[in-house]
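Visitor: As you go down the protein sequences, you meet chains U and G in turn. Everything in the first sequence is counted per the working numbering, starting at 1 for the first residue and increasing by one. Everything in the second sequence is counted per the working numbering, starting at 1001 for the first residue and increasing by one.
Heads up, a few of these hints could be off.
[To be verified] So the derived list for chain G, only partly shown, Cβ under 8 Å to chain U, looks like this:
| hint | residue |
| --- | --- |
| 1 | GLY1016 |
| 2 | PHE1065 |
| 3 | PHE1074 |
[As the list claims (entries may be wrong)] With a cut-off of at most 30 Å between alpha-carbon atoms, the simulated DSS-like pairs for lysine-lysine come out as follows:
| hint | chain 1 | residue 1 | chain 2 | residue 2 |
| --- | --- | --- | --- | --- |
| 4 | U | LYS70 | G | LYS1014 |
| 5 | G | LYS1011 | U | LYS105 |
| 6 | G | LYS1014 | G | LYS1057 |
If you are wondering where the hints come from, they were derived from the structure by calculation, not from laboratory data. Each residue gets a CB set at the ideal place from its N, CA and C atoms; glycine is no exception.
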Amino acid sequence: GEDVEQSLFLSVREGDSSVINCTYTDSSSTYLYWYKQEPGAGLQLLTYIFSNMDMKQDQRLTVLLNKKDKHLSLRIADTQTGDSAIYFCAASDSNYQLIWGAGTKLIIKP
Amino acid sequence: DTGVSQDPRHKITKRGQNVTFRCDPISEHNRLYWYRQTLGQGPEFLTYFQNEAQLEKSRLLSDRFSAERPKGSFSTLEIQRTEQGDSAMYLCASSSAHTEAFFGQGTRLTVV
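One chain only, chain U, in its complex shape (with noise of 0.2 Å):
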C-alpha cells in the first residue's frame, strides 16, 4: 500500500524560505495534499496539486511535484511566527482515501 515519508523537524530564521519535503511510494496516486495544524488546532488544508501538474503557487505557497521520483515538496517564503505548526503531506490512493506522513515541526527562529 502507500507509505508517505517526511522529516519530522525543520528550522528556519524568520525571513527565510522554508522548503518541507515528502515522498510517496504509489504513483497512481491523484492527489497529494500538504495540511497544517497549530498546537490543539484542527487540520488545516493548506493546498494540493493534481498528480498531472508539476508546480502550484498560491500566495506565500509553492508546491512541487516531481512524479518520477514520487516527491512533494512545500515552499513558504518569508517565514512568519504564525507559520509555526505541523505540515502534514498526504497522498490519495486508489479508493481516494488519504494515506498521511508523520508530520513535520516547522520551528521559527527569530
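For chain U, the structure is supplied; the task is to place chain G on it using the hints.
Guide: Showing chain G alone in chain U's frame:
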C-alpha cells in the same frame, strides 16, 4: 455552514466504559471519514462512508470499534470497553467525491 463539527471536544473515561463520538459533516458532502491521531503521528485512517454506506471498515482497529451514518448525514464512532491504548485524537473529515477533505477539530479521548 460552519464546517465539520465534532462533539464532544474532549472526553475522559474510565477503562472498560463505552464512548460514542459524533461528527456533523459539511452539509453537501457525501463522503465522511474517521481518523485517529496519536501524538507525533499523522492521522491513521479508520473508516469511511459514502452517503449512508460504509465502504471501508477493514482498518477499524478492532471489533470494539464501530461507526454508523444512518441517514447519510451525521456519523457516530463508538468504542466499546475502552482501553488505555485508545487514548488519542479522533478526527472526522468530509468531502465531495474526488475533492479535498475538510477536517473537524477532533475529539480528544483520554482513558484513565
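Visitor: Compare the structure with each hint and give your call.
Guide: Structure-based check of all given hints:
1. GLY1016: Because about 28 Å separates G/GLY1016 from the closest Cβ in chain U, which is outside the 8 Å limit, the hint is violated.
2. PHE1065: 17 Å, violated
3. PHE1074: Hint on G/PHE1074: violated, closest Cβ of chain U at ~17 Å, above 8 Å.
4. U/LYS70 <-> G/LYS1014: Between U/LYS70 and G/LYS1014 the Cα gap is close to 44 Å, so the pair fails against 30 Å, i.e. violated.
5. G/LYS1011 <-> U/LYS105: Given pair G/LYS1011, U/LYS105 holds - Cα atoms ~26 Å apart, limit 30 Å.
6. G/LYS1014 <-> G/LYS1057: Distance ~26 Å between G/LYS1014 and G/LYS1057 Cα, so the pair holds.
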